[in-house]
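**Q** Sequences and hints are given; from them, build the entire structure.
2 protein chains.
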Amino acid sequence: MDIQNTQSQMRKGVLEFCILSIIQQGEVYPSDIVEKMKLANLHILEGTLYPLLTRLKNAGLLNYRWVESISGPPRKYFVMTEEGKAAFAVLLQTWKEMTTAVDQLTQEKTNTAENSNQAVS
Amino acid sequence: MDIQNTQSQMRKGVLEFCILSIIQQGEVYPSDIVEKMKLANLHILEGTLYPLLTRLKNAGLLNYRWVESISGPPRKYFVMTEEGKAAFAVLLQTWKEMTTAVDQLTQEKTNTAENSNQAVS
DNA sequence: TTACAATACATTGATTTACAATATATTATA
DNA sequence: TATAATATATTGTAAATCAATGTATTGTAA
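Residue numbers (this note's numbering), protein chains in the order written: chain D, 1 to 121; chain C, 1001 to 1121.
Honestly, the hints are just simulated from the structure, not real lab data.
Backbone N, C-alpha and C define an ideal beta-carbon position, used for all residues, glycine too.
Incorrect hints may have been included.
To be verified - Anything over 10 Å on all C-beta distances counts as not near chain C; from chain D, calculated:
(1) G13
(2) P30
(3) A40
(4) I44
(5) L45
(6) E46
(7) T48
(8) L49
(9) Y50
(10) P51
(11) N63
(12) P74
(13) E82
Claimed, not checked - Quick list of the computed label-pair ranges, beta carbon to beta carbon:
(14) C:Q1009 to D:Q107: 20 to 30 Å
(15) D:T54 to C:K1096: 28 to 38 Å
(16) D:K38 to C:I1070: 52 to 62 Å
(17) C:W1066 to D:E97: 46 to 56 Å
(18) D:K57 to C:I1070: 54 to 64 Å
(19) C:H1043 to D:Q4: 43 to 53 Å
**A** Shown next, in the form of structure tokens:
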């Protein structure tokens, strides 16, 4: 029940960061993103991705250009703006700091209420 | 604008995991959790924490016991159930796998739409 | 003894967002 | 001409965090 929800929360938290990371590595259209995320075991649905890309574009972090396809309708290829690159650099730093903090948090020693109560003033 | 929101999403994603981690290390009451999270730069408000703890208790992962305080009303000290410990072990594994996946994702080479288009069939 | 401050548990309403389902449009193929 | 595959996009629902506020207990000071 709840554990799957917690796992889901963890994955949701890094969605935007990962998508920015993918786009920074090169032009992609939405299906590319879905596929790359799937390979990383971070599944995302189109109904989630499209509004998210629109959000990031409206925030000035992304742009897109239409590219004709030989096997279907034209595609929106997304690219990072300069603002987007700067934002990603900040997010990468945030990611590193957060993982360090969480890793530390999960490795701390065990206490009991009785011997750790001095925290209260 | 949006970058703070993305940072916030990242932190939200690990809230439950971190709180379970803290409780697994020893009995704590909510204010302890707020303080420990703050030290890890993962701020959480009481309005978020109380429903979350209730959720985890209803899911069978936590229990609590009342402990009298010398400086205020009695406190609910939370402890892990056996089920909670098992769930945390799974989540720790999920966390490790996810960070590995995200770290790989952020370190991949750069492509362009032109030279990576073979992904389409 | 009364009032106030500090501490602690708890709820409510608003906002955000992921998801499932579905809609619309284009291209190739049967 | 109809169908399948591909692609962009929207709608309604559910879940969860947050800010604000409420309720209760204890100690201290007037």
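**Q** Determine which of the earlier numbered hints do not hold for this structure and return their numbers in increasing order.
**A** 1, 3, 17, 19
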